[in-house]
Amino acid sequence: MSYAYLFKYIIIGDTGVGKSCLLLQFTDKRFQPVHDLTIGVEFGARMITIDNKPIKLQIWDTAGQESFRSITRSYYRGAAGALLVYDITRRETFNHLASWLEDARQHANANMTIMLIGNKCDLAHRRAVSTEEGEQFAKEHGLIFMEASAKTAQNVEEAFISTAATIYKKIQDGVFDVSNESYGIKVGYGGIPGPSGGRDGSASQAGGCCS
Amino acid sequence: MDFKLGRINLNAVAQGVGGLVFGNENSSSNEDSYVERLLDRISNGVLAEDRRAAITQLQAVVAESRSAQLAFGAMGFPVLMGVLKEERDDVEMVRGALETLVSALTPTDVARGPKNEVQPTLMNSDLLSREADSISLLLSLLEEDDFYVRYYTLQLLTALLTHSPNRLQEAILTTPRGITRLMDMLMDREVIRNEALLLLTYLTREAVEIQKIVVFEGAFEKIFSIIKEEGGSEGGVVVQDCLELLNNLLRRSASNQILLRETMGFEHLLSILKLRGSAYNFTQQKTVNLLGSLETVELLLTGGLDAEPGRDSNRQSNQTVLAQKNALDHLLMLGVESPWAAVSVRCAALRCVGALVANHSQNLDALASKMLGEEPHVEPALNSILRIILRTSSVQEFSAADFIFKCFCENNPKGQAILASTIIPQAHSGAHDPLDEDIKIPFGSMLLRGLTSSESDEDLETCCRASSVLSHILKGNIHCKERVMQVKLEAPMTSFGTPEPLIHRVVKYLAVAASMKDKNGNHKTSTSSGFMYIQPIILRLLVTWLADFPDAVHSFLDSRDHLTYLLELVSNSSGTVFTRGLSAILLGECVLYNKSDDRGRDAFMVVDAISQKIGLTSYFLKFDDMQKSFPFLSAKASQQRKPLARSSAASMSEIEDVEENNVSNLKHDEDPVLMSVFDAPFVNLVKRLESEIRESIVDVYSHPKSKVAVVPVEMEQKNGESNEDYIKRLKSFVEKQCKEVQDLLGRNATLAEDVARTGGVGVSGSDQANGGRDRVQVETLRRELQETKQRVEVLKSEKAKLEDEASMYRNLAGKMESDLKSLSDAYNSLEQVNFQLETEVKALREGKGGPFVDVKAIKEEGREEAQKESEAELNDLLVCLGQEQTKVEKLSSRLAELGEDVDSLLEGIGDDLGLAEDSGDDEEE
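In order, the protein sequence lines correspond to chains A and B. Heads up: the first sequence runs through residues 0 to 210, numbered per numbering that gives the first Met the number 0. Heads up: the second sequence runs through residues 0 to 924, numbered per numbering that gives the first Met the number 0.
Honestly, the hints are just simulated from the structure, not real lab data. One or more hints might be untrue.
[To be verified] Partial pick of chain A residues on the chain B-facing surface, computed with a CB cut under 10 Å: (1) L5; (2) G43; (3) I47; (4) D50; (5) K52; (6) P53; (7) Y75; (8) A137; (9) K138; (10) H140; (11) F144; (12) E180.
[To be verified] Distance windows between CB atoms, simulated: (13) B:K84 to A:K168: 52 to 62 Å; (14) B:L136 to A:S98: 23 to 33 Å; (15) A:S98 to B:A131: 18 to 28 Å; (16) B:L304 to A:E156: 42 to 52 Å; (17) A:K168 to B:L304: 48 to 58 Å; (18) B:L126 to A:K168: 50 to 60 Å; (19) A:D27 to B:L304: 37 to 47 Å.
Treat the numbers as computed from the prediction; the structure is a model and nothing was measured. Glycine included, every Cβ here is placed at the ideal spot set by N, Cα and C.
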C-alpha cells in the first residue's frame, strides 16, 4: 500500500475511442470487446515503479459523450496527467482533438502532462489517420505521442508509464509544489518525499495558486 | 420624477395584493416603504458611509420581519447581486449584502405564519436560485480572502440547498471548479470547514456525479484527517458529520469503495472503532459516532448497489482487507466485550461480524478459531456470542447475534460440522443454574442446555433462541442432521427411564408454546410480544430438520400424538398465518420424505389424515396464505433500517426516535425477528418444499398401493387342495379385497366431500387432486380480485377527493386572479384619472394668461353675434324706411297735385328723421 508518490490521471477523448478498454487493459490486463458506455466517470488504480520508486496511479476514465462534458470538466484541474485518446480508424475523432485540447488547457493546471494516444493500431487495414499526422499534431501542441492497442496491449503499459516518468521528471526538476495536492500529485505515507530543493523552489514559483 | 411616481404606485399595488394574499399586517406598508427606501439608498447613494449604514439596517429589518423579507424579495435581489458583482473591493458592502441575503432566506423566529401562507424564505430562495449565474457568482465568492464573505456565502448556499436542491446541484456541477472550491473549504478555518462539511453532506445525499467529484478531489483524506483532528469517536458532532459524508460517498458506489480501499485503506476507519481511554464512558455523541462508523463498515461489507457489476468481487475484497486490518477483533470488542456500550452499537457491531464472515472461507475460519477473554477465562468467540443469544434481554441483540450464526453456517458445512460435533448431552448437574458456570463447557452443551433449561420456568424464550441457532447448524447439512438425531435427552422425570430423542422434546416445546399463548392471550405481559416468533422459530427448526431427511420424519412420526397435534396446529384458527403455513409444510414433509413401509406411519396414512381432518383444499390454502405474506415481510425488512442522518435542527432527538420506533415495531405483527426467521434461503426452501409436497400428494392419490397382491396363479385351485379349502381361501381373499374396496370408497368419499365443500362440480377421480388445486387457485384469485376491487374503490374515492380539492384550489386561484385583475384594473383606471388630472394641472400651471384669451374670444363671439343681430335689425329698418319713403313720395306727389308746398311741409320732418337715424347709430355702437 505504501508508495512514494500518487499521480492522478484522467483519460479523455471522443466516445468509442477505447478509453475504458485502455484502462481495463492497464489495470486488469484483459480486453473486453463489448464495453458499456461509461456514465460520468469511472475509476481504476495500479502500482508502477519508476526509478525504483513505487508510484501509485489513480486513473479516472471519463465519458466521451458530449452530454457529460460539463461533469468531466470538473476532473481536469486535479489531474497530473491526461491521456488524450483518438481512434486511428475514425478520422473525426482525430479532428476533434483540438477542441479536447482547448478544454484541457482551459480547465486543467498548466503543468498537466498530456499524452496523445492513437488507439486501435491493431486495425491497420482500416487506418484513417496516419502515424505521421498524429506525430505532427503532438509536436505542434507539445504532447507526447504513441500509437497503442487496448486489444493487443501493444504500448498500453508504455503509455501510462512514460506519462508517469514525465511527471516524475517534472517533480525532480521542481516544476511542481508537491505539497499542494491540487496538482494531482501526492507524496506517499511510506515513500520517500521528493527532493527538498524542488519543494522549496516550486513554492515560490507556484506562489499565487496556493491560497 | 416619473420613475419615482411609478415606483410608489407599484408598491401600493404590491401592498394591496400582499394584504389580500398574506393577510393584513398593519406594519407591512411601513416596512415595504422602509425596505424600499433603504434599497434606494444602497443603489443610488453617493456617500459610502450612508450606503453601508443602509445595508446594515436592511439586514436588520429583513432578519426580523416576514413582510420585510417579502418586500425584499420583490425588489431587492437585483440591487444586492449588483453589489456582489461590481463592488467586490468593498468588503464591508459585500459582507452586508451576503448577510442580508442569508437573512432573507432564513425563517424569522418570531411569529411563524400559518401554514397556508406563502413562506417568504421559500419564495426568496426560489428567486435567487432561478438564476444559474447567481450561484456561480456565489461560488466565486468562496475565493475571497475575507473570512465573513466565505462564511456567509457557505451559509447562503446551504440555505439554497435545503430549499432548491436540484437547481443548486445542477448549477454547481456546471460551474467549472465548483466542487473544487467547496472542497477547498474543508481545509479552511474551523467554522468554515464545519459549514462546508454540512453543505457537502447535503450535496452528496443523492447526486452520484457530485459524489464522484468529491472523491476525486480527495474527500477521503480530508474526512479522515478531520476525524483524527477531532479525536475520533470521542469527537463531537463534526465527527458525526464527517461520517455521514463518508457514508454518502460509499453507500451507492462500488467504485468509490474501491478507491478508498486502494488509496487510503481501511486502517483509518477501523481506528475510529478502536476504543481508547475510558472504555466505560459512552456519551451519546460517542454512541452516534460509533454507529456512523459501523454503518461505514456495513456499507463496505454490502459492496455497493444490488445492480452494480462487480459488487460481489468488491465485497469479497472488502471482507479480505477489513479482516487483514483486524476488523474482527475491533468488532467483537464492541459487540461482545463492551457491555457498557449502547445496545444499538453492540447490535450494529454484531451484524458487521456476520457480514464480515458471510461466504468468505478465510474469515469463517478466523471466526471459528477466535478466542475471547483473558487467561484463564478464555473461550471461543462463538460461545460468547451464543451466550448473548441465550441471555440477552434485548430482542434486537438476539436478532443481531443470531445473524452471525446464520452467516457462519451458510455455505459452510465444515463450520456446521464443528458446531454440531460438540452437541453431546452433559449429565444434569442438578440444582446449579447451568448458565452460570458455562465458561468451560463446549458450544454444543451450552446450546443443549439452552434448549432444555427453560421448561422449568415456563419461559420458552431461551429455548426458542437456541432452536434458531440449531436450525442454522442443521440447514442443508445431512451429516449434522444425523448427528443431532442421535442426541437423546434424559427424561425430565427420571422415573420413566427411557431417554427421549431431542426432536421429540422440540415438538413438545412447540405444544407448550401454543398452550402458553392461549393462557397469555388475554393479558399482554412484557414477554408476550415474543410469542409472535416463538412458534415460527421452533417450526423453522423442525422444517429444516425434516427436509431431505427421512430418518427425522420417521422419528417424528414415532409418536402418534405428534401427527394429531400437528393437524390441530394447521387448522387452528387462533394461530398466525405463519404458524399454520409452517405446520402445513411440516406435515407435507411427513408425506414427501416418508420412506416408511410401516402401515401406522406411512405416507398414505398421513395423506389420509390430512384429507380427513383438514381437507386437502383448505390444507393447500394454508400455503397460499403464507406465500402471500412473504412479500410484506421482505418489503418491511428493506425499509427497516434507514441511514442515520442529521438535519441541521434535530440531531440527537432523531436518533432517540429511531430507537423508539424499533421498540414500537416489536409490538407490530411483522416484528423484526419474524423477518429474520423468513430470510431468503428459508423462504426458498419453503417454496421448493411446497411445490414438491403438492406433487407428492397427488402422486399418493393417483397410485394407491394395493394391500392385496393379486396373483392369477393363486386364483386357481391348487393341486390336492380340497374344494372347501379352496373356497375358504378365495373367500378370505375376497374379504381382503372387499375391505380394501371399502377403504378406497371411504377415501373417495372424503375427497368427494372435500370437493363438495369447495363447491366444485363432479370431477373424475383421477384428476381430483388437480381439480382441487385449480379450485384453490380460483378461490385465491377470486379473493385477490375482491381485494383489488376494494383497493381500486378506495383509490377511486381518493382520486375523486383529490380532484375536488384540485378544482377547489383552481377556483380559488381563479378568484385570486380575478381579484388581482380587478385590482389592477382599478389601478389602471386610477392611473388614467390621475394622468388626466395631472395634465390638467400641468396645463393650468403652464398658462397664466389663459383667461384673457378666453375673454377676448368670448367678446369676439359676442360682438359677432351682436353684429349679426344689429345687421338684421338694420335691414328691417331699411325695409321700413323704404316703405316710409314710398309712402312719403306718394303723399308728397298727392300733396303736390293738391298744390301744397311739400318741401316746406317736410322741413321739420327731416330733422326728426335725422334724430331717428342718430339713435339707430347709437344702437349700433
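Going through the hints against the structure:
1. L5: 7 Å, holds
2. G43: Holds. Min distance 8 Å.
3. I47: Nearest chain B Cβ about 14 Å off; hint violated.
4. D50: Since the shortest Cβ distance to chain B is 21 Å, the answer is violated.
5. K52: 17 Å, violated
6. P53: Not OK, violated: A:P53 not within 10 Å of chain B, min 13 Å.
7. Y75: Because about 8 Å separates A:Y75 from the closest Cβ in chain B, which is inside the 10 Å limit, the hint holds.
8. A137: 26 Å, violated
9. K138: 29 Å, violated
10. H140: 21 Å, violated
11. F144: Hint on A:F144: violated, closest Cβ of chain B at ~26 Å, above 10 Å.
12. E180: 6 Å, holds
13. B:K84 to A:K168: 52 to 62 Å: Distance hint for B:K84, A:K168 is violated at roughly 44 Å.
14. B:L136 to A:S98: 23 to 33 Å: For A:S98 against B:L136, whose Cβ atoms are near 27 Å apart, the range 23 to 33 Å holds.
15. A:S98 to B:A131: 18 to 28 Å: 23 Å, holds
16. B:L304 to A:E156: 42 to 52 Å: 32 Å, violated
17. A:K168 to B:L304: 48 to 58 Å: Taking Cβ atoms as reference, A:K168 and B:L304 lie about 41 Å apart, which means the hint is violated.
18. B:L126 to A:K168: 50 to 60 Å: Holds: the Cβ-Cβ distance is about 53 Å, inside 50 to 60 Å.
19. A:D27 to B:L304: 37 to 47 Å: 21 Å, violated
Hint check: violations occur at hints 3, 4, 5, 6, 8, 9, 10, 11, 13, 16, 17, 19; the rest are consistent with the structure.
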